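Listed in order, the protein sequences are those of chains U and E.
Count along the first sequence starting at 1, add 16, and that's the number in the numbering used here.
Count along the second sequence starting at 1, add 116, and that's the number in the numbering used here.
Because the hints were derived from the structure by calculation, they are not lab data.
Among the clues, some could well be false.
Claimed, not checked - Below 30 Å or equal to it, Euclidean Cα-Cα: the simulated BS3-like pairs (lysine-lysine) are: (1) E:Lys225 with U:Lys85; (2) U:Lys41 with E:Lys525; (3) U:Lys85 with E:Lys204; (4) E:Lys129 with E:Lys529; (5) U:Lys92 with E:Lys452.
Only a predicted model underlies this, so the values are computations on that prediction, with no experimental measurement involved.
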Amino acid sequence: MGIDFNREVDRVARLARLSLDPDEKKHMADQLSDILETARRIQELDTSGIEPTSHVINIPVAMREDEVKPSLPLSKVLQNAPRRENDYVKVPRVTPPASNEEGK
Amino acid sequence: MELFEYSAYELSKMLQRKKTSSEELVRSYLKRIELINPRVNAYITATPALALDTAQSVDNKRIRGEELHPLAGIPVAVKDNISTAGIKTTCASRILEHYIPPYDATVVKALNRAGMPVLGKTNLDEFAMGSSTENSAFFPTRNPWDLEKVPGGSSGGSAAAVASGMAPLALGSDTGGSIRQPAALCGVTGLRPTYGRVSRYGLVAFASSLDQVGTLALSARDTALLLNLVAGPDPHDSTSLPDRDRDYIDNLTAGVENLRVGVIKQNVADSFDREVTAAVLKAASLLESNGARVEEVSLPMIDYGLSAYYLIAPSEASSNLGRYDGVRYGYFAPGKDISEMFCRTRGEGFGPEVKRRIMIGTYALSAGYYDAYYLQAMKVRTMIRREYEEVFKRYDILIGAASPTPAFKLGEKTSDPLQMYLSDVCNITDSLAGVPSLAIPGGFHSSGLPMGLQLTAAPQSERLLLQVACFFEQHPETKPRRPELDFIESPPEEGGM
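Looking at chain U on its own, in the form it has when it is part of the complex (with noise of 0.2 Å):
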């Protein structure tokens, strides 16, 4: 059984905040139904009893003093910002207006 990703590519696109034109989204079904067909082969092994890799090393968790140092002044770690307004980052509205704003 193949699989398509015709079905799947406008919910993956929504969860990975990616628009997608429609040439765009049709052609890159087709190459990831493809891709995915390959890296399906995995699935011919058994993996039971087998612990999951994350992260290749075994050392441990890196722990330090919980000290206060100095960091990055704020107009250096703005200076990348596309929108900002005094020391804030500025994007558009995340909440949705209250429905008794509406209309109005």
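Since the structure of chain U is already known, use the hints to place chain E on it.
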């Protein structure tokens, strides 16, 4: 002999004996860049003023008799996904086209502390995702051995710069072959160190459990010199190895006698270019005739490496690249609400390959698919690690091809992502296992292009890898060579950088 023809080691000696100055050296490389870069396009950003400043400051210190690092005054190129304070770091992406990091990567701090003039930032596949440097949002880099061929990728700019004498040394990054495959295609020495050996702080994240900073150089000795400088623990990277290795240079000439060598069956496959396979077998017999014990060894898990990698790396990438949202840095596209702003910023800012990988990763991590894809891939990664652990009980060194073919044509694989992914088939499992892996020159193809050998050893065995590399350099057939740049005489084509 022109200055750019010397190795970093020789240049270091010349500087110490005051036979040349760092300023003279930097000027020589800048001239070379001006001459060659318009055709090869290895650099995204050149930093001549900064390089000259550093050079002059080192020269003054030398005149005053101050103690200097062996690499003081030796120029270096840095891949453009490694943060340089005050210098654009684009990752070859539209989304970071104008990004200027407010801080230096730990490895860049080390270069600065040693007094190495940075010549510029080198081209790469966007966010290091690719095997040909054609995924750069700005322009492809060309292979100095043949301008119609790719230099490999993603560290194609660094590899091409070193191969063509536009830098004696370069830093790159390797997630699934991004140092070793371009090193093989450009005929230089490329080291992916043990995971954690070199700090990742300031390397723009692609797949954090796989990303590793490494070196591109002309020889094992030059590699050792640069590794001595950049390796070591870093309090800013909690995954850096806590201990420090001994000097990487003192055992370089120890030879190969009594080494137990395994020729990886899967990396001399029938599907590979025949001449590449023959070169690996020839190299193995050279080791044997010099006292090594050589056998063929099968690592069946290699056949699953590519599949596991193309789930794990995109999954981590889809998470890491979530930070590009048009808020704190990078490209920004307006939207009627914040969701539309995010989607448009990312849709317009990322190139096709980056989008593909974000999509694969998002899918593999999404509800209902996580166990079958991402979790299964992580379990397969454990099986790969175990296979390596077993094989390193019996062998000191593994050898195979560093790339299934020599450099391929520009455009040849751009429309078929799966074919492009297969170019890293020799390199990927070493990455998943976290072991050190080194690409070295392995002779020449009948087409005139270089071929690469790949040497692999147990974790933290960089010294052994460089020792074997040094052995191969002494032999005429595997000795590093420079391309003859016939194109220098002819005027550059329109366009380009």
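- Message: Hint check: Lys225 of chain E vs Lys85 of chain U, CA-CA at most 30 Å. Holds or violated?
- Response: holds, 19 Å
- Query: Keeping to a limit of 30 Å between CA atoms, is the pair of Lys129 of chain E and Lys529 of chain E held or broken?
  - Reply: Violated. Lys129 of chain E to Lys529 of chain E sits at ~43 Å, over the 30 Å cutoff.
- Message: Would the hint linking Lys85 of chain U and Lys204 of chain E be met if the CA-CA limit is 30 Å?
- Response: Satisfied, since the Cα-Cα distance of roughly 26 Å is no more than 30 Å.
- Message: Tell me if the straight-line CA distance from Lys41 of chain U to Lys525 of chain E falls inside 30 Å.
- Response: Status holds; Cα separation ~27 Å.
- Item | Pair hint outcome, Lys92 of chain U versus Lys452 of chain E [Cα-Cα no greater than 30 Å] | holds, 28 Å
Hint 4 from the list above is the single one not met by this structure.
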